[in-house]
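A.B. asks: Residue strings, one per chain:
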Amino acid sequence: MSITQSLRRTGLPRLFVHGAILVIALLWLLPTLGIFVSSLRDKDQITVSGWWTAFSGAAQTQAVRLDDPTRQTQDATGFVIKGTLLDGAGKTVTAFGTRVQEPAAYPADQIADLGEGVSLKVSADGSYELRKATAFEGDRGQRVYLTVMTPPAFTFDNYRTVLNAEGIGKAFINSLTVTIPATVIPILIAAFAAYALAWMEFPGRAILIAVVVGLIVVPLQMSLIPLLKMYNGVGALLGVPSKTYAGIWLAHTAFGMPLAIYLLRNYIAGLPKEIIESARVDGASDFEIFTKIVLPLSFPALASFAIFQFLWVWNDLLVAMVFLGTDKDHLVLTGALNALLGSRGGNWEILTASAFITIIVPLFVFFALQRYLVRGLLAGSVKGG
Amino acid sequence: MTGQIVSAVGVMIAGVFACAAYYWLSDKLLNAALPVRGADIFADSRNLNRRAVIRPWLFIGPALLLLAAYLVYPVVATLWLSFFDRSGDAFVGLDNYRWALTDSEFRQSIFNNILWLAVVPAACTFLGLVIAVLTDRIWWGNIAKSIVFMPMAISFVGASVIWKFVYEYRGAGTQIGLLNAIVTWFGGDPQVWISLPFWNNFFLMAILIWIQSGFAMVILSAALRGIPEETIEAAVIDGANGWQIFWKIMVPQIWGTIAVVWTTITILVLKVFDIVLTMTNGQWNTMVLANLMFDWMFRGGGDSGRAAVIALIIMAAVTPIMVWNIRQANKENGG
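Quick note, the sequences are listed as chains E and L, same order.
With the working numbering, letter number 339 in the first sequence gets 339, and the count goes up by one each step, no holes.
Adding 385 to a residue's 1-based position in the second sequence gives its number in the working numbering.
Keep in mind the hints are simulated off the structure, nothing from the lab.
Some hints here could point you the wrong way.
[Claimed, not checked] Each computed DSSO-like pair below joins lysine-lysine, with the alpha-carbon atoms no more than 30 Å apart: (1) E:Lys328 to L:Lys656; (2) E:Lys273 to L:Lys413; (3) E:Lys273 to L:Lys656; (4) E:Lys229 to L:Lys656.
[As the list claims (entries may be wrong)] Sample of chain L residues with no beta-carbon within 10 Å of chain E, all distances over it, derived: (5) Tyr408; (6) Asn416; (7) Ser430; (8) Arg431; (9) Tyr455; (10) Ser489; (11) Ala503; (12) Gly558; (13) Leu581; (14) Asp659.
Treat the numbers as computed from the prediction; the structure is a model and nothing was measured.
Here a beta-carbon is modelled for each residue, glycine too, at the ideal position from N, C-alpha and C.
With the sequences and hints as input, model every part of the structure.
C.D. replies: Spelled out as structure tokens, the structure:
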């Protein structure tokens, strides 16, 4: 089948669809890939070549000096200075030159005629031979420019540095300390409330549901100032620090509560009526119905919300900065990364490695539990993020 | 460090246990306080009724308490504080509002916020819709969807680092930022993208669009699948082409979902803070309201009055969406 035939078979529009999606996928993937590749590169290479060249190695121009004429020896054809110009293993010379205007005038292994009967050959491995029929004079060696290919160098050094010296390891523990309780506690509280709103009769139920839906979109910014004042007041009153883990757990629990109640109520209200009615007829109390029937049946909704809350708390910067502070001991990963952006703005080996550590946990959760996340999104698309 | 892990695990277990214990104990207490012994049928039925009245509040109590303390009270308190001075002690009337009207930084933020609101929700919804439609037609569509959806898991700070690396500018030598490398490859001059007047806003918006398009795609993709086959078949029989089917058959049927996606991203845009803080911290005319508000909370010891005014502006912008959401929810619950 010729190309035109196969083209006609797939159809140009179809080819266009493949092309468009490929471009989009690349656009979405490359930025993240960039920091991942860079975080594993040698820190000197990051600054001299783009990360997309990481696998082909980096070419660098260096200026070196050959040995001075005192090292010359004489053989059958004349005088010669020999030596080697490369120290690092794995490096290769691809070109050389003697003038700064043309640093790559001759390819490696070629014999270059430098005039006045002098010839120079630099081999790929860095060894050179400078020849002349008569003796070399002067006391300084010839200046030579080399184009050196450095082989791809990958290392875990950047990760070692950021985990220990830059405090990312500590921040990682802090993030876990904040995130896990702030994910588990709201589930429990919201599930009880959701059950009450779905299956128990009491006055004001409809209004409460409306209030919860309304609170979903209230911007965090509205809460920050009074809460900050409240925390400082309570801290001063009880003689305890105002910025504690317990404080941030409660804050995250409360901020996640409207969405949690909304999602769980919708799910729990959708459970088959017969199951709950028949349990009631059998004399089960609401507490028993909830813990033995509703909770196990609601697992998918609980999982969806748990993922939401986990991602939201782990990725949050604002609440952590306000309620946990920005001192080094209490920084969570996002806060630590933000601080590094200020203090280590140009050190990409540190920034990329730190950034990758902050995103690896949510990415893992995301890919492992994508199904539940999508389900939750579809159920709760009223929420404002 | 191990000490912290141990104490964190300990406190976590204690916290969860305390929560569970509250519900269990309060239920037991209620049953004990209003006993049903089977001796006196009238007393029993009275107690059962009382239990039924009290129990919902035991279940819903902790949640209500949290909502009241962390969301309802602060909304009122913020409104209150907006009429007071920087420390919240002296009443200053409308001074803070007057300040907002004349402050150039505030105006800049409003302008930028409007720019964000005009661009980001539209771009996310459009991209999400296009990607959802296109990926449904090819065999590797689900892989592409996962890739586009992935940034949803990445924090705004992480995404900012990722994109700062893309926008990286080097005065001399090889460009190591992807964008400048592409520009120089095509023969252009490398630029300092994030301080480029006016256009730098769009380079910050690109980050949010990159994060949120996946959300739009997932929701719209589900909505597109929900369109009845017959409507499309009927259109095909009537001779409609792909373009017409998309605009005249598919889009009108998912109009409600498009509105949900649009409003959800609108709310997110109003609250955008991390991206601007980490990329520019409002320099080079990129300030937005949420960032300005955070700034005033701590600037020079903090000014709660001005910060409260800015928060209220954000709240006011969200309110119409809030009302609409409540109406929708009430409709779903049968009015």
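A.B. asks: It remains to establish, for every hint, whether it holds in the given structure.
C.D. replies: Verification of the supplied hints:
1. With a C-alpha separation of about 26 Å, the suggested pairing of Lys328 (chain E) with Lys656 (chain L) holds against the 30 Å cut-off.
2. Proposed proximity of Lys273 (chain E) and Lys413 (chain L) is supported: the alpha carbons are some 26 Å apart, at most 30 Å.
3. Between Lys273 (chain E) and Lys656 (chain L) the alpha-carbon distance is near 39 Å, which puts this suggested pair outside the 30 Å criterion.
4. Restraint check: the Cα-Cα separation between Lys229 (chain E) and Lys656 (chain L) comes to about 21 Å, which is no more than 30 Å; the hinted pair holds.
5. Distance check on Tyr408 (chain L): its Cβ comes as close as 6 Å (rounded) to a Cβ of chain E, failing to clear the 10 Å threshold; non-interface status is violated.
6. At the 10 Å boundary, the C-beta of Asn416 (chain L) falls inside the reach of chain E, the nearest C-beta of that chain being 8 Å off.
7. Once the 10 Å rule is applied to beta carbons, Ser430 (chain L) is consistent with being away from chain E; the minimum gap is 15 Å.
8. At the 10 Å boundary, the C-beta of Arg431 (chain L) stays outside the reach of chain E, the nearest C-beta of that chain being 17 Å off.
9. Under the 10 Å C-beta cut-off, the non-interface status given to Tyr455 (chain L) relative to chain E is violated; the minimum distance is some 3 Å.
10. Chain E leaves Ser489 (chain L) outside its interface by the beta-carbon criterion, the shortest separation being 21 Å against a cut-off of 10 Å.
11. Non-interface call for Ala503 (chain L) relative to chain E: holds, since the shortest CB-CB distance, roughly 18 Å, exceeds 10 Å.
12. Remark: the non-interface label on Gly558 (chain L) conflicts with the geometry, its nearest Cβ contact in chain E lying 7 Å away (cut-off 10 Å).
13. For Leu581 (chain L), the condition that its CB be more than 10 Å from all CB atoms of chain E holds, with the nearest at approximately 18 Å.
14. In this structure Asp659 (chain L) is not separated from chain E by more than 10 Å, as the shortest Cβ-Cβ distance comes to only about 5 Å.
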